[in-house]
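**Q** Sequential numbering from 11 applies to the sequence shown in the numbering used here.
Some hints could be false.
Distance ranges between label pairs, derived from CB positions [what the hints assert, rightly or not]: (1) 73 with 38: 46 to 56 angstroms; (2) 56 with 20: 48 to 58 angstroms; (3) 64 with 100: 44 to 54 angstroms; (4) 60 with 26: 45 to 55 angstroms; (5) 110 with 75: 48 to 58 angstroms; (6) 53 with 91: 50 to 60 angstroms; (7) 48 with 20: 40 to 50 angstroms; (8) 27 with 58: 26 to 36 angstroms; (9) 96 with 116: 15 to 25 angstroms; (10) 73 with 34: 53 to 63 angstroms; (11) 62 with 26: 48 to 58 angstroms.
Worth flagging that the hints you see were computed from the coordinates, not collected in a lab.
All values reported here derive from a predicted model rather than from experimental measurement.
Backbone N, C-alpha and C define an ideal beta-carbon position, used for all residues, glycine too.
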Amino acid sequence: MSMTFEQMQEILERTAILTERNSEAIVRVEQELRETRSIVDSNARAIQATNNALDAKFNQIADAVIRGQDRLERLERRDRRVDKEIRGLRIETRRMLERWLGEPFPDDPDLDEDDTE
11 MSMTFEQMQE ILERTAILTE RNSEAIVRVE QELRETRSIV DSNARAIQAT
61 NNALDAKFNQ IADAVIRGQD RLERLERRDR RVDKEIRGLR IETRRMLERW
111 LGEPFPDDPD LDEDDTE
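Required output: the full structure, derived from the provided sequences and hints.
**A** Here it is in structure tokens:
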């Protein structure tokens with residue numbers, strides 16, 4: 011198949027037009043890629059900042075829970091000491107009443123009101 015000079019010139023012109031369009035499209039795609047990378051980088055920084063804030067908040071909550079557990083343990087120990095002291099005072103009061111009355115006192119200091127059920 012042989013082509014005339016005009017046909018070859020037309021093909022070359024079309025090829026030049028297509029090449030220019032492709033070059034323009036490549037430039038647009040590269041610009042969009044740069045913009046997309048910029049957005050991705052910005053989102054990554056925002057995600058990292060959010061992650062750091064959540065980590066800090068988690069650490070605060072964990073510290074508060076630990077402090078709460080420590081305080082609860084101290085209060086439970088104090089409660090046990092107070093219970094022992096109250097029991098001792100009840101026994102001592104019972105003995106004093108028995109001495110004053112000269113007979114056994116009918117109240118049992120080791121029975122709590124909740125234990126009678």
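**Q** Tell me, in ascending order, the numbers of any earlier hints that this structure violates.
**A** 8
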